[in-house]
Amino acid sequence: MLKLGANSAVHLIVFTFVVVLFAPFVSSSQSDTTNFEEVTIRGKHFKAAQKSKIDAAEISHLAPHDLGTLLQFINGLTIKNYGSIGGMKTLSHRGLGGEHTQLVIDGIPINNPQNGQVNLANISPNNLMHVEVSHQNNNELVPVSSLIKSSAVHLKTFDQQFSTSPIALRGSFTLGSFGQKEAFASIKQGGDKYFVSLTGGVRAYTGDYPYQINFGAQEIEAIRRNNALNDYHITLGGGYKWRLKNTHHFITSKIKSSSISQELPGAVILYNNMAEEELTTKNTAAQINYRLVSKQWNFKAFAKYNQRFLHYYEPNALNSDGFIDNQYLTHSASSGFHIRYRLNNFAFHAGNDFLYDHLESSRELGRPTRLSNTSMLKVNYSAKHFIISAGVFSQYFIDQNESQTHRNNYQKIHPQISIFTSDELFTNLQLLAWYKPSSRAPSFNELYYSQVGSKSLKPEESSQVNLGFKYIKPYKKLSLQLMGNAFKNEVKEKILALPTQNLFVWSIQNIGKVKILGGDLNLKLQYDWNKDWETGVQVGASYQYAVDISDKNTPTFNHQIAYTPQWTGNAMLNIRFKLLNIHFSSLYIGERFSLNENIAGNRLSSYLTLDCSASYAFELPKNNTITLQVGVKNLTNASYNFIKYYVMPGRNYFLKIAYGLN
Amino acid sequence: MDLIKYIFIALLLFTSCKKDKNDDSKLGSSYKNGLLILNEGLFQHNNSSLSWLDLSNKEITNNVFLSINDRPIGDTGNDMIRYGSKIYICVTGSSTLEVIDKNTLKSIKQIPFNYNNQAQEPRRITAHNDKVFVSSFDGYVTAIDTTSLSVHKRIKVGRNPEGICANNNALFVANSGGLDFDNPDSTVFEIDLNTLEVVDTFWVGANPGDVIADAYQNIYVIKRGDYESDPSELVRINLDNRTVENLEIPATSMNIRNNKLYISYYNFSTNASSVSIFDCNNQSLISSNFINSQEISTLYGVIPYKADELICLDAMNYTNSGYLRFFNSSGQLTNSINVGLNPNKIIHYE
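Sequence lines, in order, name chains A and B. Letter by letter, the first sequence follows residues 1 to 662 of the UniProt record's numbering. Letter by letter, the second sequence follows residues 1 to 350 of the UniProt record's numbering.
Do not rely on the hints blindly, as some may be mistaken.
A short, non-exhaustive set of chain B residues, derived as facing chain A with CB atoms under 10 Å [stated by the list, open to error]:
1) G41
2) P112
3) D138
Covered by chain B, per the in silico footprint, the following chain A stretches (three or more residues, Cβ under 8 Å) [claimed, not checked]:
4) 121-132
5) 257-268
6) 394-402
7) 465-474
8) 553-565
Hints are computed from structural coordinates only; laboratory data are not their basis. If you're wondering where the values come from, they're calculated on a predicted model, not measured in any experiment. Quick reminder that beta carbons are idealized off the backbone N, C-alpha and C, glycines included.
Next up, chain A with everything else stripped away, as it sits in the complex (with noise of 0.2 Å):
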């Protein structure tokens, strides 16, 4: 049985009277041409999704370090960035933490159950075909894990895609500044019912970068230390479809190994240039992918085991021992499926995602076990005017942990409500309103870690009401798209690290509530001036104001949240000129806290980054590409950090050769 809270209630309460109100407005019908593949804008057509998008050609112009890095360039995320090459990147949207956002590659849920969120640090966009970040997804078959979320990002490998051409390829060497190397290749042999992919790369970098300081008349100078890197990882993918009369089945899977190591230099400590801890992960997985599709049937059901090794090892500690040797392997395993059934001018979505993930350590965190589980009812209706979508999600969570005693099962249903307009209202022009609550388990480190977590944590609870519009308009040799969102958004139950009996002893609450409101706006335009010159210009801008409404008897109560700039923005422009193209980007992150109290001591401020790149194509006969390209980044010279004291590197360059085949 589901048992309703007084929070499920409001919920169902707001849902009914979204529901009543736009009830007059869905008249008529409309006929969708929704195909078995991911959905894709053509033209003006909407389609009742949200997402933003960056493709194969701007990640190859951006030539980001990493994931991180490349997310960056999306509204409405703001990536808390520790270092450069290897230094860990987390995201944030639209003020929730990164636990309320599911990285999905190639169709599967990836998780960190240890600390809640992926490190976008070690995910290589080197054979990214796309990045997307989804915030409202209503017809895709994508796991229900991404749809419960606030948001999702999910990623398109060149490994795991089917391919006609008998062989693909795919290579790279990087050069850059600091000791950064970097080769990457892959391999594709396609044909009518199958393919099999090879990929590999390894990335290495030294990291040691000046830096700068200033205080008053004086400022620090010195080098960064201790912030080596070397990765290596593999990939094996392959794919096999096939045709039943009128039904498509697509099996895809892939086994993949990586190993880091790593140098961790830490926050600058003043004085203290000493640090020496030292991190390795190694990760294996294995997953597979199945899809059918027929006329009314779509059907995706996946599977992956994954196994996550961490060595943290610190060779000059203060302790008897002399150093600090922490090992933690993580075993996740997933499964999910998601079917769609569509009769006139309905479409009847379930499904279901099911993730165990157990935690073995050489510290006394005992055996931690979690069963969690996301179940979707959803319904969509497509009325000439406007596309409506409701739906209902369980969350549930099982923790154990043989050494300590628990709070209860945790259970909770979520409403979702969304109404899309479509194109025959406005031609140029969508609306869109949406109401998403969901809830996100304590991880592993958050319930369990020695003298600071705390088993008796709370699921974290979020919610978001999002109003937008999309316009797009193209002209002759002009497109333009325009994108502006306002939401508002709720966290109850926030879990925060807090110290409690001194400053060495933390401690993690269900204590913080926080409300954002904001917006966002991003234009993009493209013209095209002649066969052999093209301009695009992107611009993007967010406001966030993310405060802290704990309790109003505290000092930060109003104050904006830590680390949560309310500005931020960024713009890209390309032009090109037959094969050559040159690319300029710019990041800026507005003024921020390094502690939830607004006081000058704890402002960090605002920066503003300038990358730029050209490169050239070399079309060879045959489908045979070689593409040079030269780039800076941070053009300026800025010093700057978004972490206090984790400071970024100065002006460096990069220089990249990549082939490419079909």
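Chain A is fixed; fit chain B onto it per the hints.
Here is chain B on its own, set in the frame of chain A:
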């Protein structure tokens, strides 16, 4: 192209509009009738600072060290004493001992606490006979000559020493072992100040912190236990008969005035703050709840002030800027002054 240009210009203007206001005002070259406050800051934030409270007009000036020396103190200023014409501050995270002039607050010397390229993490300071003694987490007490400011001797003690005090001709050091969470130390070492050798050991209970001597041959130690079943309590070492007794008074830190111990206690499970007063002369507890503590959010220490007043240090959950709470002789709150993050030491300038 123009659009991009204007956007860049707009963004640039945006970045340059707001500049941090320095909240330092004109400071005299000599400090009188005020309080110098050490704010510990937050671990790994490099934001330890000094505040100056002018007692004539109750005006507070934060970040005085930074204004005067054009650089911050560093990470986690854990202890500060005045001895002779100098002030000594040990900065744990930055692993330095900052020596500043008492009158001008100008840095005289920043002594790095590194040994074999390892941070020693200095914790507490005491002074005796023209030497300052600094305990450091690497298991040493370092004797420093106050004239030459050079290291006189490194004395090997127990694990992760914290509290340190001098009494007659001996030094007492609490070995916390606090960095071995599951296996803390529980000893106090006695060091002969003539030979600078460890001469005796007292077992006081797990994870000892503060150490204070009275005028009656007693050493008081706070054994902090394990923050769970083993409570944080006051323990007495009697030097006459070399015995140790647990006085079972809840305590997290303490200070002494006229042979009365002022003991602060913060119960982190109930968030309750209290101050007890213990009379060292007749060995009795005068009060177990002396102050009206409603205004205090997180009691971080109590410091005797003037003849009969108290200043309570309020850490405000440790992540918000702290307060000095002034209490009169009857334990009533008379004033609150907002200072830096986690105030932990005060020097009174008459």
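Hints, one by one, checked against the model:
1. G41: This interface hint holds because 9 Å falls under the 10 Å limit.
2. P112: Because about 7 Å separates P112 (chain B) from the closest Cβ in chain A, which is inside the 10 Å limit, the hint holds.
3. D138: 5 Å, holds
4. 121-132: Check failed, 0 qualifying residues.
5. 257-268: It holds: at least three residues are needed, and the segment 257-268 of chain A offers 3 whose Cβ sits within less than 8 Å of chain B.
6. 394-402: With 0 residues close enough to chain B, the hint is violated.
7. 465-474: violated (count 0)
8. 553-565: As far as the segment 553-565 of chain A goes, the hint holds, because 3 residues have Cβ atoms under 8 Å from chain B.
In terms of the numbered hints stated before, the structure departs from hints 4, 6 and 7, listed from lowest to highest.
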